[in-house]
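Make the full structure from the sequences, and use the hints.
Number of protein chains: 2
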Amino acid sequence: MAVFTLPSGEALAHWLEHGYAVGQLSGFECIVGGVQNSNFFVTTTLGRYVLTLFEDIARADLPYYLHLMAHLARHGLPVPAPVANRDNEYLGTLADRPAVLVSRLPGVSEAHPDAAHCARIGGMLAGLHLAGRSYGRRQPNPRGAHWRARAAALLRPHLPADDAALLDAELRFQADAEAAARLPVGAIHGDLFRDNVLWSGEHISGVIDFYFAGHDALLFDVAVTVNDWCATPDGGLDPARVEPLLIAYHAARPFTEAERAAWPAMLRAAALRFWLSRAIDQYLPRAGELVMKKNPGEYREILRQRMRAIPPLPASGTRR
Amino acid sequence: MAVFTLPSGEALAHWLEHGYAVGQLSGFECIVGGVQNSNFFVTTTLGRYVLTLFEDIARADLPYYLHLMAHLARHGLPVPAPVANRDNEYLGTLADRPAVLVSRLPGVSEAHPDAAHCARIGGMLAGLHLAGRSYGRRQPNPRGAHWRARAAALLRPHLPADDAALLDAELRFQADAEAAARLPVGAIHGDLFRDNVLWSGEHISGVIDFYFAGHDALLFDVAVTVNDWCATPDGGLDPARVEPLLIAYHAARPFTEAERAAWPAMLRAAALRFWLSRAIDQYLPRAGELVMKKNPGEYREILRQRMRAIPPLPASGTRR
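Top line first, the protein sequences correspond to chains A and B. Residue 1 is where the first sequence starts when you use this note's numbering, and the numbers rise one by one after that. Residue 1001 is where the second sequence starts when you use this note's numbering, and the numbers rise one by one after that.
Hints were generated in silico from the structure; no laboratory data involved. Be aware that one or more of the hints could be misleading.
Examples of chain B residues lying across from chain A (beta carbon under 8 Å, computed) [unchecked claim]:
| # | residue |
| --- | --- |
| 1 | 1021 |
| 2 | 1022 |
| 3 | 1023 |
| 4 | 1074 |
| 5 | 1081 |
| 6 | 1083 |
| 7 | 1084 |
| 8 | 1088 |
| 9 | 1123 |
| 10 | 1124 |
| 11 | 1131 |
Label pairs and their computed distance ranges (CB to CB) [to be verified]:
| # | chain 1 | residue 1 | chain 2 | residue 2 | range |
| --- | --- | --- | --- | --- | --- |
| 12 | B | 1060 | A | 153 | 55 to 65 Å |
| 13 | B | 1060 | A | 295 | 56 to 66 Å |
| 14 | B | 1200 | A | 137 | 28 to 38 Å |
| 15 | B | 1093 | A | 309 | 42 to 52 Å |
| 16 | A | 89 | B | 1293 | 37 to 47 Å |
Here are a few chain A residues that sit away from chain B, every Cβ distance over 10 Å (derived from the structure) [as the list claims (entries may be wrong)]:
| # | residue |
| --- | --- |
| 17 | 8 |
| 18 | 91 |
| 19 | 95 |
| 20 | 139 |
| 21 | 149 |
| 22 | 150 |
| 23 | 173 |
| 24 | 176 |
| 25 | 193 |
| 26 | 198 |
| 27 | 265 |
| 28 | 316 |
Note that CB positions come from ideal geometry on N, CA and C, so glycine has one too.
Take a look at the structure:
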């Protein structure tokens, strides 16, 4: 993000005490490591919350994300629940920024998930997709096919020749793959990486950062998740983690035949999305940007690996 | 309650797995000590919940309670949030009973609150009343003036002569007091006793049991709360607890002049409500009832004590 906004303690205390029903401010601290927004842990006499000031998401796009989080929390998923203010609205304004208070969830992220973690993640993701069926709002995946075309055009002149060739070939492949697919769609998280999941022991206690969510193929969400949670250091896939993740997902939300056919291409589309966004952060940084840059080469390798053999989705009769 | 319903593990597992998005059942246990309903701790692969099967509340009355809990939780209060099922409804059916799954909150109740606890309770109750302002549903207080008249008529023939005289005198006093009062009204908890609040250290981590909630004078809720949280063993009031509770409440939701005038009578009305309900449980038990009976004499003494001098509400200029 371009800036980090720090509200004064007085302004925050007044905003909470007069705008919400959460008691008086007793403490707040910055959360470092946020990628897009200014985030704070906020403690009041009534509870523990996270405050987010949005730095570069349009205000009009925020209700989709906030109501999706509320909807999923309402369905029993461990998702931060936005806190409504005294006007009964989730979205407020603080320090001239769109601002939201959400419940603070316990737990820590797991950098080295095993098969049991992956089974939990698969089951949770299916639950998220099932609960999302009754979510009424629609907003396109902000990193979907449209964004991909724009991002590729923007990025291409800056790429080394072999990367440009890889990109062109993959864009052609994806255009063909998409024309053929009729996949189940719905609300997706879109960025379900290991650092966006909190664990308390073996339990998932938090799924955070819904600001890449949107309406798209559910299988894209599965592919993003598998690419991160089940990757080996060289960008390959570890079947010992892929299989439990997919089987747990499939048990709650069975894959369709169209999804089985689309799976290899979808893993590549999901890899391409993160290669593109990371390459743009590298080659086209914005002035004053503070984002922690991630290595685009990692996802170029994952894309290359997914062009080889990949483990299939569970067959229709598979049970745990 | 008349019965305790125990669903089979198979039925519960199927109900959860096919009706909700909370993963698979991994454990459940009965909660003993419930007064009105059958309650269970339920653990799934995705979280920890409380399941309630309603034994003697009409199905039509339940949406008011469930949506109130959801509304308050949405406003950041530590209230169990009902979990929506795949039909996007809070209220389901299990073992032929109306059934609801809510989030399980941490903490334990505090039998011996001090001044600091009482200040927290006062602030929380004001937050609950403030958040309730934007709650759209209305349902009368199920233990309000109408119920009181019916309960008194039912009970009177069974009372000893001196109790009957006390009851008649108090009913006349309350009829006069109510005719004069124009008090702020809204959603009240109605039963905010010590055993309905969970604490994690000094923080309120849960406010439970909303099945006596309704639309009534906010001051009635304050009076019920003060009568329980600030009582001395002989039924008197401890000023060292009354004062911080009322001042913390007043700081967030200032008392009106009408409330100041009504306060002594309201403390008596709140005492009368629990004397009546406990006396009915004692003199007119229902067949097969398993309710843990509470001593009605305790609240008759509290009523008698409130007929004497009581600490006033904070004056309009009072600040912490």
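Evaluated hints:
1. For the restraint placing residue 1021/B at the interface with chain A, the shortest Cβ-Cβ distance is roughly 4 Å, inside the 8 Å limit, so the hint holds.
2. The beta carbon of residue 1022/B comes within 4 Å of a beta carbon in chain A, closer than 8 Å, and the hint placing it at the interface holds.
3. With a least beta-carbon distance of about 5 Å to chain A, the hint placing residue 1023/B at the interface is held under the 8 Å criterion.
4. Checking residue 1074/B against chain A: minimum C-beta separation of about 5 Å stays under 8 Å; hint holds.
5. Given hint, residue 1081/B at the interface with chain A, holds; its Cβ is 7 Å from that chain's nearest Cβ, closer than 8 Å.
6. Residue-level restraint check for residue 1083/B holds (minimum Cβ-Cβ distance to chain A is 4 Å; threshold 8 Å).
7. Taken as an interface hint, residue 1084/B checks out: its beta carbon lies about 5 Å from the nearest beta carbon of chain A, inside 8 Å.
8. Here the hint on residue 1088/B is kept, as its CB sits about 4 Å from the closest CB of chain A, short of 8 Å.
9. The restraint placing residue 1123/B at the interface with chain A holds, with a minimum CB-CB distance near 5 Å, inside the 8 Å limit.
10. The beta carbon of residue 1124/B is positioned within 8 Å of a beta carbon in chain A (closest approach about 6 Å), and the interface hint is therefore held.
11. Below 8 Å, beta-carbon pairs count as interface contacts, and residue 1131/B has one with chain A at about 4 Å; its hint therefore holds.
12. For the pair residue 1060/B and residue 153/A, the supplied restraint of 55 to 65 Å holds, since their beta-carbon distance comes to about 59 Å.
13. In this structure the hint that residue 1060/B and residue 295/A lie 56 to 66 Å apart at CB holds, the actual value being about 59 Å.
14. Remark: the range hint 28 to 38 Å for residue 1200/B to residue 137/A is upheld by a beta-carbon distance near 34 Å.
15. Taking the beta carbon of each, residue 1093/B and residue 309/A are about 48 Å apart, inside 42 to 52 Å as hinted.
16. Between residue 89/A and residue 1293/B, the C-beta spacing of about 45 Å keeps the proposed range 37 to 47 Å intact.
17. Non-interface call for residue 8/A relative to chain B: holds, since the shortest CB-CB distance, roughly 21 Å, exceeds 10 Å.
18. The beta carbon of residue 91/A sits about 13 Å from the closest Cβ of chain B, which is more than 10 Å, so the claim that it is off the interface holds.
19. The beta carbon of residue 95/A sits about 20 Å from the closest Cβ of chain B, which is more than 10 Å, so the claim that it is off the interface holds.
20. No Cβ of chain B comes within 10 Å of the Cβ of residue 139/A; the nearest lies about 19 Å off, and the non-interface call holds.
21. Distance check on residue 149/A: its Cβ is at least 33 Å (rounded) from any Cβ of chain B, clearing the 10 Å threshold; non-interface status holds.
22. With 10 Å as the threshold on Cβ separation, the claim that residue 150/A sits away from chain B holds: the shortest Cβ distance comes to roughly 34 Å.
23. For residue 173/A, the condition that its CB be more than 10 Å from all CB atoms of chain B holds, with the nearest at approximately 34 Å.
24. With a least beta-carbon separation of about 34 Å from chain B, residue 176/A lies farther than 10 Å from that chain, consistent with its non-interface assignment.
25. Non-interface call for residue 193/A relative to chain B: holds, since the shortest CB-CB distance, roughly 19 Å, exceeds 10 Å.
26. Non-interface call for residue 198/A relative to chain B: holds, since the shortest CB-CB distance, roughly 12 Å, exceeds 10 Å.
27. For residue 265/A, the shortest C-beta to C-beta distance to chain B comes to about 27 Å, beyond the 10 Å cut-off, and the non-interface label holds.
28. The beta carbon of residue 316/A is kept farther than 10 Å from every beta carbon of chain B, the shortest such distance being approximately 18 Å.
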